[in-house]
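**Student:** Residues per chain, in single letters:
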Amino acid sequence: MSYVEVASLSPAARRRRLLGRRFLRRPMAVAGLIVVFVFVVTAIFAPVIAPYSASHTDFQAILAHPSGQHLLGTDELGRDIFSRVVYGSRASMQAGLFATLLAMAIAVPIGLAAGYYRGWVDPVISRVTDVILAFPFLILAVGLAAILGPSLLNATIALGFGAAPGLIRIARGEVLSLREEDYVRAAIANGGSDLTILGRHILPNMTSTLLVQATVIIPIAIVGESVLSFLGLGVQPPTPSWGVMLASAQPFLDQAPRLAVYPGLAIAIAALAFNLLGDGLRDVLDPRTQR
Amino acid sequence: MGGFILRRVGAALVVLFLASVVVFAGIRAIPGDAALALGGEERSPEVLAQLRHKYGLDDPIVVQYGRWLWLALHGDLGSDSRELPVAHTIVSALPRTLELAGLSLLIGSLIGIVAGVVAAVRRGKPSDYLSNGIALIGLSVPHFWLGLLMIIAFAVKLHWLPSGGYVPLRVDPVENLRHMLMPAIVLGTGLSAVVMRQMRSAMLESLGADYIRTARAKGLSEWTVVGRHALRNSLITVTTVIGLQLGALISGAVITETIFQIAGFGRLTIDAVNQRDYALIQGVVLVAAAGYVIVNLTVDLLYSVLNPRIRISGRPG
Amino acid sequence: MRISRRRATLAMLLTAALFATVVAAAGARPARHAKEGGTLTVALAEDPDALDPTLARTFVGRIVFLAICEKLYDLNSKLKIVPQLAAALPKVSKDKLTVTIRIRKGLKFNDGTPLDAQAVKISLDRHRTLTGSRRASEISAVTSVDVVNSTTVALHLNEAFAPLTAQLADRAGMIMSPAQLDKLGTRFATNPVCVGPFQFVDRQALDHITVKKSPFYYAKNKVHLDRIVFRIINEPTAAAAALRAHDVDVIDRISPTVLQTIQSDKSLHVVKATSIGYQGITINIGNKNGLLRLPYQQMSTDLASKATIRQAFELAIDRDLLNKVVWRGLFLPGCGPIAPTSPWFDRSSRCNKHRDLKKAKQLVARSGVRNPTVKLMIGNDSDGLRLGQFIQSQEQEAGIRVDLQPTEFVSSLRKADNGDFDAFAIGWSGRVDPDGNIYQFVATRGSQNDSGYSNPRLDVILNNARHATTAKARRTLYRAAVRLIRSNRPLIYLWHGVTRHGVSNKVTGVTVYGDGLVRAEFASFK
Chain A
1 MSYVEVASLS
11 PAARRRRLLG
21 RRFLRRPMAV
31 AGLIVVFVFV
41 VTAIFAPVIA
51 PYSASHTDFQ
61 AILAHPSGQH
71 LLGTDELGRD
81 IFSRVVYGSR
91 ASMQAGLFAT
101 LLAMAIAVPI
111 GLAAGYYRGW
121 VDPVISRVTD
131 VILAFPFLIL
141 AVGLAAILGP
151 SLLNATIALG
161 FGAAPGLIRI
171 ARGEVLSLRE
181 EDYVRAAIAN
191 GGSDLTILGR
201 HILPNMTSTL
211 LVQATVIIPI
221 AIVGESVLSF
231 LGLGVQPPTP
241 SWGVMLASAQ
251 PFLDQAPRLA
261 VYPGLAIAIA
271 ALAFNLLGDG
281 LRDVLDPRTQ
291 R
Chain B
1 MGGFILRRVG
11 AALVVLFLAS
21 VVVFAGIRAI
31 PGDAALALGG
41 EERSPEVLAQ
51 LRHKYGLDDP
61 IVVQYGRWLW
71 LALHGDLGSD
81 SRELPVAHTI
91 VSALPRTLEL
101 AGLSLLIGSL
111 IGIVAGVVAA
121 VRRGKPSDYL
131 SNGIALIGLS
141 VPHFWLGLLM
151 IIAFAVKLHW
161 LPSGGYVPLR
171 VDPVENLRHM
181 LMPAIVLGTG
191 LSAVVMRQMR
201 SAMLESLGAD
211 YIRTARAKGL
221 SEWTVVGRHA
231 LRNSLITVTT
241 VIGLQLGALI
251 SGAVITETIF
261 QIAGFGRLTI
271 DAVNQRDYAL
281 IQGVVLVAAA
291 GYVIVNLTVD
301 LLYSVLNPRI
311 RISGRPG
Chain C
1 MRISRRRATL
11 AMLLTAALFA
21 TVVAAAGARP
31 ARHAKEGGTL
41 TVALAEDPDA
51 LDPTLARTFV
61 GRIVFLAICE
71 KLYDLNSKLK
81 IVPQLAAALP
91 KVSKDKLTVT
101 IRIRKGLKFN
111 DGTPLDAQAV
121 KISLDRHRTL
131 TGSRRASEIS
141 AVTSVDVVNS
151 TTVALHLNEA
161 FAPLTAQLAD
171 RAGMIMSPAQ
181 LDKLGTRFAT
191 NPVCVGPFQF
201 VDRQALDHIT
211 VKKSPFYYAK
221 NKVHLDRIVF
231 RIINEPTAAA
241 AALRAHDVDV
251 IDRISPTVLQ
261 TIQSDKSLHV
271 VKATSIGYQG
281 ITINIGNKNG
291 LLRLPYQQMS
301 TDLASKATIR
311 QAFELAIDRD
321 LLNKVVWRGL
331 FLPGCGPIAP
341 TSPWFDRSSR
351 CNKHRDLKKA
361 KQLVARSGVR
371 NPTVKLMIGN
381 DSDGLRLGQF
391 IQSQEQEAGI
401 RVDLQPTEFV
411 SSLRKADNGD
421 FDAFAIGWSG
431 RVDPDGNIYQ
441 FVATRGSQND
451 SGYSNPRLDV
461 ILNNARHATT
471 AKARRTLYRA
481 AVRLIRSNRP
491 LIYLWHGVTR
501 HGVSNKVTGV
511 TVYGDGLVRA
521 EFASFK
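Protein chains in written order, with the working numbering: chain A, 1 to 291; chain B, 1 to 317; chain C, 1 to 526.
Just so you know, the hints here were simulated from the structure itself, not pulled from any lab data.
Remember, it's a predicted structure, so these values are computed and weren't measured experimentally.
Keep in mind that the hints are not guaranteed to be accurate.
[What the hints assert, rightly or not] Under the rule of at most 25 Å between Cα atoms (straight-line distance), these lysine to any residue pairs were calculated in the SDA-like manner:
1) Lys80(C) x Lys526(C)
2) Lys375(C) x Tyr52(A)
3) Lys212(C) x Lys526(C)
4) Lys272(C) x Phe345(C)
5) Lys472(C) x Asn158(C)
6) Lys91(C) x Gly37(C)
7) Lys183(C) x Gly75(B)
8) Lys415(C) x Leu253(A)
9) Lys359(C) x Asn488(C)
10) Lys266(C) x Ile152(B)
11) Lys415(C) x Lys80(C)
12) Lys266(C) x His159(B)
13) Lys324(C) x Leu77(A)
14) Lys324(C) x Leu253(A)
15) Lys306(C) x Ala365(C)
16) Lys157(B) x Lys80(C)
17) Lys324(C) x Gln255(A)
18) Lys121(C) x His467(C)
19) Lys157(B) x Leu253(A)
20) Lys121(C) x Phe216(C)
21) Lys157(B) x Ser255(C)
22) Lys220(C) x Ser411(C)
23) Lys157(B) x Ser67(A)
My request is simple: use the sequences and hints to build the entire structure.
**Tutor:** As structure tokens, then:
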């Protein structure tokens, strides 16, 4: 790269390059990123990766041990466990992604309004948030499932709603501190419209916090989906989901413990990967931490 | 101080009131005929009309809410699908969940505090990274999976502990603890991971504070420095974290009770939902919300007692 | 002093005789001699609903009622109806519209109050008229109940109803204490009081129900246990583990997945009985708008519109193989609503346990339908899925495509009632009178006719069977009814369940009849 090209990089691009390098210096974070990537790819290309379909039964091979034919063995209906774990990643990734997006979609506008406008808007929003937070997350999800009926969609909605209040508080806090920044005060003094200020000054500076929060919420949503499906409130059998697989494994803990080991391992690794990624991002993006 | 408490209690009551409205409206929001929902599988139109009258579903919704609230305040949460009083069922189930939560709190806090102190004191050394790693795993691993693994190991393979069930403390304390051990560990691990991280960072902050450097400069032993000063201040922060985790404990109890077949509050909730027992669902959700609000209120007040700064400014100092 | 030889011999003989007597006496004290006392723990697979005979719906509730709430009539081991609280079988008037029942004298409820005709009237009236009563449709033929004298009641019917006695041998015949009804009203379930070997002590939802020996029972010498504790254990593996650890003494309905572990345990035994119910597939023929929204209209699905497709569907299923593959050979393949163990079973009926794939294929070809498709609603648990997938693979070979709709149990019942299904894999726990296994499912005004089947000829036969008084006449009519049902196929019957219950060898006297209810009231520890 010639000298001229390097110098022509915009400040934003240079900053991204710097952050990228800082990130790559953290092996744990990189490992997390790679594993996350693997899971996402698995979810998207599941039909290609899985040797069997998720519902293919073989009554001759019930609860079979791992073998050349079945990498992780079969379950109580003769279905290939490995394939079902692969297909199960779809429910988890979907829940993780969409619950987080939903939480963001709800929380960011509301948090912005609360932090920016103050006045009467702020206390009202805080009270409403408190009401939602008054219900322990799982009780809330369970109650929603009772009203809406059990399904992956409703579980995702419940998870999104559960994560929103915490996010509202964080968004609000970010706006509150950003408001005090000089350039924002200047923009307000210059008479810019609310929307412009929010859109051009405040929101872009929140992105790093929001990104980090996303990596916190996604693993919670993944585990949350498995919990709800385990309890029968999320994905309905026979659709594979790691939580559903754990639920069906319960009667067979003595005959075939592996039915419970593999799906749970998948959940743990996925959540761990996102957490490592999140930790890494937080270290890199948050100017306050010095490690 | 009095004004502060009053404000906090007032806020909590408002929240509780709104929560009750949400619960009530939620049940009525279920698509379909409410009489059908409340009456089980009754089909004949005459019986449905009778049920509608019995539950007062023909009255305006505000009247219905008022009646329900009035009864609820007197401790009458109606009868469930078994014709058993909801309030009594909930009150009988709560002690088990409270015992489970209490034991988990104990185990989780103990492990978390000890691990956090060790990690902070041995900062930078391998045991720090190890503790951090374990804490991270503890945060990521789904607890009910951990429960299943423990059942496989300790109940099925080794036969050391029972795979589930409950024996009341009064009947046999030893058996009670044997049945509670695995559930409490399962529920406590999540808490311990959070506590450990919090404890570690609080300790690091305290250890770096000026008065600690002064203490060290004065020649006080490391143990006194760590134990007497840093630890005490960190515990305050950690206490509030533990308090805030109580909500997560209640959520976790739902799953743990399901896996270990403990007929506590959590199991009751799941069963009520699966059976579409709406009277019970209403009661359970309301009690859960009320409990949560009360606990948060208590923690808030405790924190303000321990940390005078927030009383004045209203914000964490 | 030397003892004379004669005296010594005499002494030895006496000693021998004494010894023999003692040994004989010891041997003659058989294991059958019940040990008195003790608390029996019974694990139930589900939590019963309201312990109120007028409102109760669950199967497990009937198990608890066996201990605390006797009825006018009961079944014996041969599934014949015998008097329990009544003194004799009912007397039916010549016009068949009045049924007179004599009550036994001197019986007391578990609160000490006496059982008399007035109490019977009060209970029967409650079953008929209470808001939300689940018994009303069972005895709908009864229009009023009169007290003739202190030990006799007369039931007035609006039409002859032969199954009445059978209904009175179930919850509709349970008599509750009027004093307790006065005290508790609709909250009777919080502390039910009837006539029974045991009386209610307490109950905690999802956990346990405790009953203790009643001091008021009329046959106290038959009751050996002090208490029975019914524990609710939903997970079959947890129940089996508890039985093997001797935390519980009896478990209700062992699931096939844990049967082997229990059978291999030498300290346990299994009691079983072939159910008087049936399991099969209900086909939605005319239920378009919901249950009892008459008149039923023809559905347009492949199964509903073409009788040949229905026939092919049935012929494609190998009942014997189904039993082997799906249920590990534990149940009994069957072709009709009445089980071979029932006294009403038609021995002349033929049941082909094997498939006729060739004919099924021919029928599909003849039907004129290209790619017939069936949406089969099944339970979303492992059992339901196994069954569904087996049927799917069998039908595929005949050229019928089956799409599975795994549905949660409560939702599936609601959908069935609404007519929101093509075919539904569901069964019936069975009643001792054949009317109880047939009428409500296939009569036009049947209260559980999810199929929406309406056949006036069948209605006539079934109504006549209700009015007929001799067993012979009824048998003939039910033979005709079953033939009609089997040829039209609103339901396809596939097997009869066999309920199995695990019992600890320390307990004796636990039995089960064809109704599938485990009976432990007169059991004892050895």
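**Student:** What are the numbers of the hints the structure violates, in ascending order?
**Tutor:** Numbers 1, 6, 8, 11, 16, 22 - these are the hints that the structure violates, sorted from lowest upward.
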